[in-house]
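*Asks:* Chain by chain, the residues:
Protein chains: 2
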Amino acid sequence: MDVTSKNLVVEKAKTSRIEQIDFDHLPFGANFTDHMFVCDYKNGQWETPKIIPYQPLMMEPSASVFHYGQAVFEGMKAYKDDEGGIWLFRPDENFRRINRSGERLAMPAFPEEYFFEGLKKLLLLDQEWIKPGIGNSLYIRPFVIASQPAIIASPSQEFKFIIICSPAQSYYGGEVRVKIAEKFSRAADGGFGYTKAAGNYAGQFYPTNLAKEEGFQQVVWTDANTHEYIEEAGTMNIFIRLGDKLITCPTSDRILDGVTRKSVIALAEDRGIEVEVRPIKVVELLEGMKDGSLKEMFGSGTAAVINPILGFGYKGERYELPKVENSYAATIKKQLMDIQYNRAEDKFGWRYRVK
Amino acid sequence: MDVTSKNLVVEKAKTSRIEQIDFDHLPFGANFTDHMFVCDYKNGQWETPKIIPYQPLMMEPSASVFHYGQAVFEGMKAYKDDEGGIWLFRPDENFRRINRSGERLAMPAFPEEYFFEGLKKLLLLDQEWIKPGIGNSLYIRPFVIASQPAIIASPSQEFKFIIICSPAQSYYGGEVRVKIAEKFSRAADGGFGYTKAAGNYAGQFYPTNLAKEEGFQQVVWTDANTHEYIEEAGTMNIFIRLGDKLITCPTSDRILDGVTRKSVIALAEDRGIEVEVRPIKVVELLEGMKDGSLKEMFGSGTAAVINPILGFGYKGERYELPKVENSYAATIKKQLMDIQYNRAEDKFGWRYRVK
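For the record, the sequence lines run as chains L and D.
Residue numbering for the first sequence follows the numbering used here, beginning at 3 and increasing consecutively.
Residue numbering for the second sequence follows the numbering used here, beginning at 3 and increasing consecutively.
It is worth saying that the hints were derived from the structure and are not from the lab.
Because the structure is a prediction, the values reported are computed rather than measured.
One should not assume that every hint holds.
Copies of one chain are not kept apart here, so a pair can be met inside one copy or by any two copies together.
Said to hold, decoys possible - DMTMM-like cross-link-like pairs, simulated, lysine to aspartate or glutamate; straight-line CA separation at most 20 Å:
#1 K283 x D191
#2 K264 x E95
#3 K317 x D191
#4 K336 x E119
Use the sequences and the hints to build the structure in full.
*Replies:* What follows is the structure in structure tokens.
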């Protein structure tokens with residue numbers, strides 16, 4: 003059955019694949035719901051958006067995205083509360099950011115009304131895929147790819163804005179130890195490290211593989227110029243707790259302006275925790291290990307929410323963080339998830355009701 | 003008809019599209035020959051390579067390349083001499099480089115024998131698309147894309163190695179003036195600027211668009227740290243001529259090790275031109291304009307071969323290079339193209355006969 007609204011054409015899937023999914027053992031990002039949202043940009047404008055059954059894309063081999071990486075994405079989650087209500091968390095932030103990312107990559111802005119109408123309709127169609135219970139969510143992946151069939155190294159004139167959804171449990175198994183980057187870098191001053199551009203990710207895989215061989219799960223990137231300052235972990239912003247202060251580095255053109263990051267800052271301040279947003283020297287971590295003032299490290303990101311970092315490696319040495327009572331990571335994570343799952347007061351107005 | 007050799011399956015196109023092509027008015031990279039080479043990587047190995055009729059790819063929306071930019075490419079050209087001989091130029095360099103690029107992006111190396119057998123067969127099948135005459139060529143685009151259908155931010159376990167070919171005249175219309183980057187950057191120390199990774203290109207589009215609005219065609223990137231040194235132009239390495247010296251900056255982890263670049267150095271030295279490979283300060287360009295010692299600037303790259311740069315812009319000022327007699331750019335370009343088109347002695351052994 004086809005449903006057409008002013009801004010949206012809907013073609014429903016004939017059957018659902020939901021019965022094939024083992025919701026208790028979900029690999030991250032490998033299963034997708036029955037529908038997807040697609041909107042094409044051609045001749046200088048976004049065409050009518052569509053929701054269609056989840057299906058492969060037919061792409062010309064010359065499509066710019068394959069050659070020049072003109073692609074950006076977002077990560078969001080939908081949560082179901084115990085009454086069946088469906089919620090998003092600060093989706094306006096993700097919407098604005100995908101357009102900010104796109105602007106830096108010479109891609110056209112996507113209309114807000116298309117985004118929200120499409121996203122809401124998609125979530126309602128596939129709402130059975132959102133399971134209640136803390137930790138369960140539907141990971142939402144909006145992305146834009148350059149589809150013009152031409153291998154000239156200049157901005158594409160054609161794009162596809164797509165949203166796909168994948169049922170998720172928590173992103174990380176659990177224990178995360180990180181390697182502090184000493185040689186490799188993620189982003190340049192004057193570059194596009196602050197965007198969720200596809201090209202910011204593949205370059206991290208090889209250094210991360212090397213770190214994994216040494217027993218770490220992630221790399222914490224440092225500034226490309228001196229490697230003296232920590233920046234972010236590629237899929238997470240980084241926080242440290244020195245004494246009772248929570249510290250994170252400022253965003254810049256190298257560092258993603260994370261939605262979870264800014265939510266953590268707001269929640270911490272609201273609890274009366276002193277938060278410093280300032281550059282963090284690697285040497286502060288080492289000194290903090292020595293004098294015992296480094297009490298916690300954690301990463302923040304949509305997929306991981308808050309991920310405690312148990313230890314780090316730097317210049318051949320390994321450092322193991324102490325077990326801490328009254329963990330900021332645990333406290334703030336619980337509060338954040340309680341807001342996301344509609345179990346706590348939402349004094350900042352972050353929740354967005356889909357249903 | 004299907005032709006199968008040990009390492010290659012060939013499915014010929016039933017009809018050719020060549021009659022639809024206006025070879026006198028070729029936009030760059032928009033028309034493709036009748037066949038393409040495809041080899042899939044799955045379960046830890048490259049499967050049997052295939053040549054098939056040029057056709058769209060079926061890609062899952064979750065394919066890693068769309069999300070994380072795990073993609074690398076090469077640019078090569080095939081030339082036809084006046085006797086119908088078909089030649090490549092230093093293809094071993096491109097082959098090695100695509101694997102070097104891939105290694106930095108955590109992609110598996112492609113076997114040399116698959117590459118050359120597939121490439122030669124593809125060129126023989128589509129040889130009518132290669133037109134003789136200086137300036138005409140078949141642009142060859144090998145590329146590798148991550149195809150695993152999973153949006154977890156880690157290296158793909160599935161890839162496609164593809165070669166497509168596009169008939170080409172010269173890449174640039176003619177006049178190129180460049181803007182020297184003052185704020186934006188292309189690559190970080192410790193990053194992957196030296197690779198032909200897709201992610202190195204899209205980030206250049208927006209700053210290049212801004213430069214175009216000011217009347218420039220390209221951006222010459224400078225070091226991200228100080229913006230005091232010129233690096234490369236994104237699709238070209240940069241040479242300057244100061245007095246009678248030819249100077250280009252050293253390759254690094256930020257700068258592509260261009261095949262045309264190293265060929266220009268060899269040809270220049272062989273002609274007795276003094277070549278310096280050393281960092282070039284922007285201020286040297288300004289001083290060279292003032293005292294008249296800056297006689298030439300040009301870019302080198304497979305698509306453009308050698309592209310004279312007529313002027314540059316920096317900090318709001320515009321500089322117009324003098325007309326020069328005995329241009330190095332023109333002399334070396336002619337010699338290089340004479341070698342490529344089998345019109346001159348090939349003392350370095352750069353030509354590779356396909357037929």
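*Asks:* Determine for every hint whether it applies to the structure shown.
*Replies:* Now the hints, each set against the structure:
In the homo-oligomer, the alpha carbons of K283 and D191 lie at most 20 Å apart both inside one protomer (17 Å) and across protomers (19 Å), since each shortest distance falls under that limit. For a Cα distance limit of 20 Å, the shortest separation of K264 from E95 inside one copy, 10 Å, qualifies, whereas the shortest one across copies, 47 Å, does not. In this assembly of identical chains, the alpha carbons of K317 and D191 lie at most 20 Å apart only when taken from different copies (18 Å versus 24 Å within one copy). Taking identical chains as interchangeable, the C-alpha atoms of K336 and E119 are never at most 20 Å apart, the minima being 30 Å within one chain and 58 Å between chains.
The structure shown violates just one earlier hint, number 4.
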